[in-house]
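**Q** Sequences are here, hints too, so could you generate the full structure?
For what it's worth, our numbering labels the leading residue of the sequence shown as 1, then goes sequentially.
Because the hints were derived from the structure by calculation, they are not lab data.
Some hints here could point you the wrong way.
Straight-line alpha carbon distances no greater than 25 Å define the calculated SDA-like cross-link-like pairs of lysine to any residue that follow [said to hold, decoys possible]:
1. Lys150 with Asn138
2. Lys37 with Pro95
3. Lys159 with Arg39
4. Lys159 with Ala90
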Amino acid sequence: MTVTIRRAVADDAGELAIVAAATFPLACPPHTTEEAKARFVATVLSEERFAEYVADGERMVLIAHDTDGQAVGYTMVNFGEPADDDVRAAIRIRPTAELSKCYVLAGHHGAGIATHLMSASLEEAAARGAAGMWLGVNEENARAQRFYAKHGFERVGAKHFLVGDRMEDDWVMEREL
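**A** Next up, the structure:
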């Protein structure tokens, strides 16, 4: 499949929110309630929030479109020192960037889109001066862990991630750029 990847702009916020609403639940552990998923999407992955993310100079959002021009995936990279104490203690490479989000619509899994998004995110972070990249992935999300390991990330620690009222356990993974 041919895919076009570019930096997202303000006009992409609606498409990004649609993709996020469809893909975020796929990364949640089985015990996550529908209410918790919906609340997270509404508060963190809304069109308004994506407009903020795209405008934020300390973030970079990449969007992937298929040959029909439909948004099929995205990544978000956060630059700078992590705010989380557990992450700061776990990561070894500085300056760093966080791969905060890496999602592709389910109907497009296996088409190489995530690999293209990952490569573009790594290149952009390195061009911005990051020496390493880290991410958090739910400890129960084996598929994502395999994908990240395939792209050079290794587990270096753990952190917590709040979804709804439940604190989830994430692995912290890192790689050199």
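**Q** Take the C-alpha atoms of Lys159 and Ala90, compute the straight-line distance between them, and say whether it is at most 25 Å.
**A** holds, 9 Å
**Q** Checking one constraint from the list: CA of Lys159 to CA of Arg39, max 25 Å. Satisfied?
**A** Cα-Cα ~21 Å, so holds.
**Q** Given the hint that Lys150 pairs with Asn138, test it: the Cα-Cα distance must not exceed 25 Å.
**A** holds, 17 Å
**Q** When you check the alpha-carbon spacing of Lys37 and Pro95, does it fall within 25 Å?
**A** violated, 32 Å
Taken one by one, the earlier hints fail for this structure only at number 2.
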